[in-house]
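So the chains spell out like this:
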Amino acid sequence: EPEVTQTPSHQVTQMGQEVILRCVPISNHLYFYWYRQILGQKVEFLVSFYNNEISEKSEIFDDQFSVERPDGSNFTLKIRSTKLEDSAMYFCASSERWGTPEAFFGQGTRLTVV
Amino acid sequence: AQSVAQPEDQVNVAEGNPLTVKCTYSVSGNPYLFWYVQYPNRGLQFLLKYITGDNLVKGSYGFEAEFNKSQTSFHLKKPSALVSDSALYFCAVRDMGYGQNFVFGPGTRLSVLP
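The listed protein sequences derive, respectively, from chains P and A.
Residue 97 in the working numbering sits at position 97 of the first sequence; the count goes up by one each step and never skips.
Residue 61 in the working numbering sits at position 61 of the second sequence; the count goes up by one each step and never skips.
With the rest of the complex left out, here is chain P:
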């Protein structure tokens, strides 16, 4: 069964460093998302991406964050200068096309900022 894969599963970084979280969406999917879950809290929407541009973003997704689809298979989330409060589980998801109700989530990357 096709699945969304995320790497790494766990990343530890020092405050102020840049991190890139990687995702490989399901191959024929066109619509991509990033969500985050701070430990013990609910899953929050960060950004959606369609047709090589951001289609929606939340207030959490400030100038420190960026997304990119560098090639035909990867979808990345970059945090330029990490803060302690960026420590969270980050989930990538993908949908087949615009308007498809279902999205498939990856296993997540646990980011720890020290």
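What the hints contain is simulated information worked out from the structure, not anything from laboratory work.
Heads up, a few of these hints could be off.
To be verified - Derived Cβ-Cβ restraints for the label pairs, each shown as a range:
#, chain 1, residue 1, chain 2, residue 2, range
1, A, Asn55, P, Glu18, 23 to 33 Å
2, P, Leu84, A, Phe46, 28 to 38 Å
3, P, Glu96, A, Ser3, 20 to 30 Å
4, A, Gly53, P, Gln11, 40 to 50 Å
Claimed, not checked - No more than 27 Å apart at the CA atoms, straight line, and that leaves these computed lysine-lysine pairs for DSSO-like:
#, chain 1, residue 1, chain 2, residue 2
5, P, Lys42, A, Lys77
6, A, Lys69, A, Lys49
7, A, Lys22, A, Lys58
8, A, Lys58, P, Lys42
9, P, Lys42, A, Lys22
10, P, Lys42, P, Lys57
11, A, Lys58, P, Lys78
12, A, Lys77, A, Lys49
13, P, Lys57, A, Lys49
14, A, Lys49, P, Lys42
15, A, Lys77, A, Lys22
16, A, Lys58, A, Lys69
As the structure is a computational prediction, the values presented were derived from the model and not from experiment.
In this text, a Cβ means the ideal position worked out from N, Cα and C, and glycines have one as well.
Assemble the complex: chain P is given as a structure, and chain A must be docked to it using the hints.
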């Protein structure tokens, strides 16, 4: 704006007994409703969805959920709980007339006691 409420932080049930995890929602248009489950240190696993049609939807692992439009609820149920069902359960909504992103509830931790 869309919102999802899960009124119980924690639900405890004895193995073999029926379980219910509650969810209510608020959307401006027609909702697409979902349940996801998260096991410790794992990603979000899709359980079931309501898009249209029959108000009772069946999903993975024997779970089902009933869509009630008048009460704006989408409670998750299972006739006979297993210890292995113990996990964190998230209700989510997509209002396709408003935006593409999911809005998640805060989660309910289910503990099934042997």
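These are the hints, each one checked on the structure:
1. Asn55(A) / Glu18(P): 23 to 33 Å: violated (48 Å)
2. Leu84(P) / Phe46(A): 28 to 38 Å: Holds, since leucine 84(P) and phenylalanine 46(A) (Cβ atoms, about 32 Å apart) stay within the stated range.
3. Glu96(P) / Ser3(A): 20 to 30 Å: Taking Cβ atoms as reference, glutamate 96(P) and serine 3(A) lie about 26 Å apart, which means the hint holds.
4. Gly53(A) / Gln11(P): 40 to 50 Å: Holds, at about 42 Å.
5. Lys42(P) / Lys77(A): Holds, because 21 Å separates the two Cα atoms, which is no more than 27 Å.
6. Lys69(A) / Lys49(A): holds (15 Å)
7. Lys22(A) / Lys58(A): holds (16 Å)
8. Lys58(A) / Lys42(P): holds (24 Å)
9. Lys42(P) / Lys22(A): holds (16 Å)
10. Lys42(P) / Lys57(P): holds (17 Å)
11. Lys58(A) / Lys78(P): Judged against 27 Å, a Cα distance of about 38 Å means the pair is violated.
12. Lys77(A) / Lys49(A): holds (13 Å)
13. Lys57(P) / Lys49(A): Between lysine 57(P) and lysine 49(A) the Cα gap is close to 24 Å, so the pair holds against 27 Å.
14. Lys49(A) / Lys42(P): holds (19 Å)
15. Lys77(A) / Lys22(A): holds (9 Å)
16. Lys58(A) / Lys69(A): holds (17 Å)
The earlier numbered hints that this structure contradicts are 1, 11.
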